[in-house]
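S.K.: Residues per chain, in single letters:
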Amino acid sequence: MASSTRSQLVESDTSATDAVAAGAVGLSAILFALSLAALFEAVTISQPVAGVSAVTLLGGLLAVLGTAVVAFGVGSWLGYVETTPSSSAGLVAASVAAIAWFTVAGGVASQTLGLGTAGGIVGGLLGGAVAFAATALTREDLGSTVPVGALCLLTGLVFATGVIGPEWIWGLGWEQTASLTAEFVIPVATLFATLFAGWAAAKAYGGFGARGRRLGAYTLIYLNAISIVAFLFILVAFVVVQGLPGLFTGVQVGAGVGPQTTIFGVSFTLPLSVPFVMNGVALLNDYQGVLPAIIGTIWLVIGAVLFAVPLGVGAAIFLTEYAERGRFTQVVEIATNGLWSTPSIVFGLFGFAFLVPRFGNRKSLLAGMLTLGFMLLPLVVITSREAMVAVPDKYRDASVALGVSRWETIKSVVLPAALPGVVTGVILGVGRIAGETAPILLTMAGGTFVPGSQTVDVIGGFEFTAAPPFVANPELLQATSALPYQLFALITAGVGLGDNVASPEQFRWATALILLIVVLSFYAIGIATRYYFRNKLRHD
Amino acid sequence: MPTVTDGERTGLQTRARRQAERFRDFVDDTSPEALVTMTVIAVSLLAAFVGFLLVSSLTVVPFAVFLLASGYGWFRHQEETALILTLTTTVSTLLILGLIIVFIFRESIPVVQYESATVFGVSVPGLRMFVETRWDAVASPVRYSMVPMIHGTVMVTVIATAVAAPLGVSAALFLSEIAPDVVREVVKPGVEILAGIPSIVYGFIGFTVLSPWASDQFDLSGQGTYLFVGVVVGLMALPTVVSVAEDALSSVPESMKSGSLAVGTTDWQTMTSITLPAAFSGVSAAVLLGVGRAIGETMAATVMLRGVPRLTEPLMNVFYGQETLTSLIARNYGEADGLQLDALFVAGVILFVTVLGISIGAQYIEWRMRRKLGGEV
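Quick note, the sequences are listed as chains A and B, same order.
When you line the first sequence up against this note's numbering, it's residues 1 to 540, in that order.
When you line the second sequence up against this note's numbering, it's residues 1 to 377, in that order.
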């Protein structure tokens with residue numbers, strides 16, 4: 001009989017049991033979204049949704065989810081569902097279950113049963129130990145579903161029956177008072193319970209065993225990656241939405257409305273006026289702006305790059321091309337990495353103690369430039385070195401074989417090949433320092449508002465003097481503003497802002513938006529450069 | 001030196017002799033004119049540096065000599081000038097670290113002497129800063145204790161690590177092992193941009209959105225909690241953890257992974273039993289560096305915290321955020337002078353030493369891992 005030797009290659013088609021597991025995963029996703037919405041008060045937990053209060057709905061759904069997970073696990077254990085479980089769910093899962101149950105059991109023992117802190121810890125340990133044993137010592141299908149499902153079921157019932165209702169509050173009884181309110185506890189508990197149950201359900205959908213574990217883990221890892229990207233988008237979008245009204249205050253388009261500009265001796269009027277980025281602060285302005293801070297940031301970046309890039313690239317050349325690997329290169333490497341992780345405020349302190357007394361004993365643009373240059377330097381060294389090490393040795397050998405000297409080889413072979421890496425590194429580094437506040441706080445920044453008339457003009461500021469040092473530039477030696485500092489000053493100034501700007505809140509958000517635009521455009525350029533060069537290299 | 005054994009001495013001697021030989025060879029091979037140029041460059045730059053240190057207005061003279069000599073050398077002896085100039089840049093990188101150490105330590109000496117405490121009849125400078133908890137720069141007795149700020153920094157760092165470590169390692173695993181190419185091309189720049197958002201913007205959002213929300217949720221008096229500063233700082237440290245951990249994970253040789261996959265494991269099993277254990281030290285270095293970032297984070301903490309240099313009551317009360325080492329400096333540098341200013345430098349020294357230690361530790365771990373995996377050291 002031919003049919004009796006036919007073995008089943010595919011385990012089974014989508015069956016009712018698979019549908020249950022998939023449904024549980026879907027339910028977890030819905031609950032996850034709901035609890036996030038409740039956490040950020042998009043949904044008020046006491047508000048009725050479809051006839052029932054939101055907290056009851058959350059609790060009910062959580063209980064259903066818990067029941068489904070438990071049912072699947074027990075069904076698999078009894079053999080009703082075809083799965084391939086391992087002998088144990090593993091220690092990681094057991095530890096997570098133990099922590100979750102420790103929290104729940106501890107809370108119940110200390111608060112509901114009124115046993116106090118000591119009783120709570122004992123109860124928590126007991127609950128945690130039971131959960132650990134139940135997860136680690138049973139077969140995987142039971143171990144990874146029952147403790148989780150029971151937790152969801154319990155939490156769900158507590159919420160649904162109103163034991164923890166919308167009015168629930170737990171004063172912690174500390175000297176500095178703090179309480180856990182239902183508004184926080186319910187969404188957060190739901191969030192964690194759902195994550196845990198979603199993992200168990202995904203595992204069940206994969207039929208436990210190696211495949212199930214893979215599916216369960218991948219679900220969480222993908223969720224994490226998606227959350228990070230989503231977080232970034234929300235953050236940027238939030239700043240944009242909040243900042244646009246302030247940015248567009250008083251915008252005019254039309255011939256002759258903008259400020260007069262002179263480029264190469266030709267004077268013309270811009271057909272666009274955006275007061276926020278084209279004005280400083282002045283008594284008679286209709287709309288105030290942050291032009292001095294923008295110009296200050298640009299000069300800061302230019303100064304820091306002029307200082308750090310030649311130094312950094314030079315050091316990288318010496319380390320990769322001239323020096324032999326040994327004690328000295330190791331020390332330099334450790335030093336640059338150490339400099340890279342040094343907190344920005346420490347650079348600020350250093351600039352304050354080292355540079356400020358040497359530049360006229362007051363905060364100055366030059367001190368700020370150099371301080372940021374110090375910060376940028378290690379990054380330039382590290383990235384340039386990486387780029388130069390990545391240049392294949394055969395390039396150098398070919399050049400040397402032709403009788404070209406060492407420096408000529410570096411200049412015409414190594415540097416061009418390493419240029420993309422160096423450029424990308426510098427641009428990304430510049431993005432980082434352009435947004436730094438702490439160093440310039442101590443070395444450069446002046447008052448909250450800088451009048452438009454004090455916008456720095458470094459090129460026009462150079463003058464020659466009779467006494468040494470013969471060249472002077474008062475523009476470089478005076479305090480000015482930069483965007484990150486401007487935002488900090490606006491935040492800390494608080495109520496005092498009202499006299500200067502019509503809507504302080506809009507002004508702040510618009511400043512944050514401009515800062516974000518400046519910094520992120522550096523990043524966009526850096527990342528785009530990398531892609532451009534990479535594609536070019538690939539085509540070659 | 002009597003303590004040096006003979007073996008070491010001969011080792012040192014041979015090394016010194018070899019260096020001297022190499023130097024002599026170099027001098028012999030180079031034309032005298034070029035040697036003079038190199039010497040002028042080096043000496044004039046050194047003089048300029050000394051002049052700068054001494055706040056002399058004549059600094060510009062040796063600096064001009066340096067520029068002239070370099071310009072001349074560049075046209076006549078490019079090879080040698082390039083060598084001396086790149087060597088100078090390398091040395092100046094080292095010098096900056098040295099200057100940071102000297103200057104922030106020097107500024108902090110007076111307050112360390114002021115805060116001496118006597119233990120068993122021996123006066124230990126600076127000890128009182130770490131055994132008392134009082135910070136008060138105005139009312140008598142004036143005390144500059146670092147304990148409240150260290151407590152704050154520890155609280156924030158612990159919370160931040162709890163956020164950044166699991167999320168960061170998981171994201172690194174995703175990027176290096178799981179993600180299809182198309183997805184990676186989206187997520188990786190995303191993580192980088194996350195690192196680029198200025199800390200003051202995070203702080204501003206935390207200040208206007210998170211802090212009021214937290215006060216409301218936890219029924220607090222006033223605004224500012226270590227809990228949410230920690231969460232925000234954790235998110236800011238996340239990109240550091242992700243990129244370093246990703247490097248570590250992708251440095252695990254492909255042959256090890258293929259070997260595992262070839263015996264029929266799932267890719268998740270390969271990750272947990274081959275890739276992660278092999279890259280474990282690199283991943284822990286990533287977490288360490290993330291911790292370093294979290295310790296040094298300034299602006300978000302400054303705008304979100306209360307600015308009260310006192311311990312929370314009780315110590316584990318994460319719902320009240322007083323002050324960290326970094327925010328202490330950023331908040332008080334303006335009105336501080338004398339001893340109080342020096343006390344800020346002590347906070348800076350603590351930060352600098354801690355983070356430098358973490359950085360060196362992380363590098364040691366990474367170096368050991370590279371050696372173990374058989375790559376170049």
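No lab work stands behind these hints, which were simulated from the structure alone.
Ideal Cβ positions, reconstructed from N, Cα and C, are used throughout, including at glycine.
Hints may contain errors.
FRET-style restraints, in silico, Cβ to Cβ [as the list claims (entries may be wrong)]:
id : chain 1 : residue 1 : chain 2 : residue 2 : range
1  : B       : P125      : A       : V389      : 42 to 52 Å
2  : A       : S405      : B       : R368      : 19 to 29 Å
3  : A       : E505      : B       : Y72       : 51 to 61 Å
4  : B       : I109      : A       : V404      : 45 to 55 Å
5  : A       : Q330      : B       : P125      : 51 to 61 Å
6  : A       : L36       : B       : R184      : 20 to 30 Å
S.K.: Each hint needs a verdict: does it hold in this structure or not?
M.R.: Verification of the supplied hints:
1. Taking the beta carbon of each, P125/B and V389/A are about 45 Å apart, inside 42 to 52 Å as hinted.
2. Hint check: S405/A to R368/B, Cβ distance near 38 Å, so the stated range 19 to 29 Å is violated.
3. Separation of E505/A from Y72/B is about 59 Å and conforms to the stated range, judged on CB atoms against 51 to 61 Å.
4. Between I109/B and V404/A the C-beta distance comes to about 53 Å, which sits within the given range of 45 to 55 Å.
5. At about 33 Å, the CB distance of Q330/A to P125/B disagrees with the hint of 51 to 61 Å.
6. Separation of L36/A from R184/B is about 26 Å and conforms to the stated range, judged on CB atoms against 20 to 30 Å.
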